[in-house]
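Q: Listed below are the residues making up each chain.
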Amino acid sequence: MHMHKFEKIWLIFGVASLIVFLSVLGVSAFHQGHHPSSWSNIIDPEQVDETKPFDEPGLKKVEGKEWDYELVFVASAFLYAPSEVQIPLGSTVKIIATTKDVIHGFQIPGSNVNMMLEPGYIVEYITTLNQPGEFLVLCNEYCGVGHHMMTSKIEVVES
Amino acid sequence: MAQTQKSEIQDEKVEKEPTLLGAFTAVMIVGLFIIITWAGVFILFNQRF
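Protein chains in written order, with my numbering: chain A, 1 to 159; chain B, 1 to 49.
No wet-lab data here; the hints were simulated from the structure. Remember, it's a predicted structure, so these values are computed and weren't measured experimentally. Among the hints, a few may not be true.
[What the hints assert, rightly or not] Listed below are several chain A residues computed to face chain B (Cβ distance under 8 Å; list not exhaustive): (1) His4; (2) Trp10; (3) Ser76; (4) Asn112; (5) Asn114; (6) Tyr125; (7) Leu129.
For glycine and all other residues, C-beta sits at the position ideal for the given N, C-alpha and C.
Could you build the full structure based on these sequences and the hints that come with them?
A: As structure tokens, then:
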């Protein structure tokens, strides 16, 4: 088959770009461990308050894990527990969250933390907080009349 | 006579080779746009916590 020289060039260019993109995604998924924030853990949404770790929402120091703290959030119409939390600067935190009633969102604007909380599912996100300041947590899934007031606050403070 | 016909056919073939410089430029512009936007989003993702 006869092909024009330019056709060969742009086909090689396209295939090479595709290989690079997919390799980057593969490394990020299998080597760096990126995965959907909700993928394997389920919970009975009516027993959230009695189920560990959601019986004690808030920040907890943990030892011997890849992260320093576990930050447990319980969402319900129209608030988050805890409503405010302080975290030392530079710590690696695993955010663990779920909802007791309807679908809520969990977003920290300007960051990669953006998760959907569905009844019956536990979402998790591991991140290192290396910027000091106050960060808003807000619900970005319409959940009812109080949706626009549903917020929490994360303060990253120098320890 | 036969030879003249043959050379005419060859000339036609040479003329039918399309000029793809415009298409090539357009493909490369689209390709660069995709790469730049993809890289931009990827860098943003890696810089944020």
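Q: Each hint: holds or not?
A: Structure-based check of all given hints:
1. This hint holds: histidine 4 of chain A has a C-beta 5 Å from the nearest C-beta of chain B, less than the 8 Å allowed.
2. Because the closest C-beta pair between tryptophan 10 of chain A and chain B is about 5 Å apart, less than 8 Å, the hint holds.
3. At a threshold of 8 Å, the smallest CB-CB gap from serine 76 of chain A to chain B is about 26 Å, leaving the interface hint violated.
4. A least Cβ separation of about 5 Å between asparagine 112 of chain A and chain B falls short of the 8 Å threshold, and the interface hint therefore holds.
5. Interface hint status for asparagine 114 of chain A: violated, as the beta-carbon distance to the closest one in chain B is roughly 10 Å, over 8 Å.
6. Here the hint on tyrosine 125 of chain A is broken, as its CB sits about 10 Å from the closest CB of chain B, past 8 Å.
7. Because the smallest distance between the Cβ of leucine 129 of chain A and any Cβ of chain B comes to about 6 Å, under 8 Å, the interface hint for this residue holds.
Of the numbered hints listed earlier, those contradicted by the structure are 3, 5 and 6.
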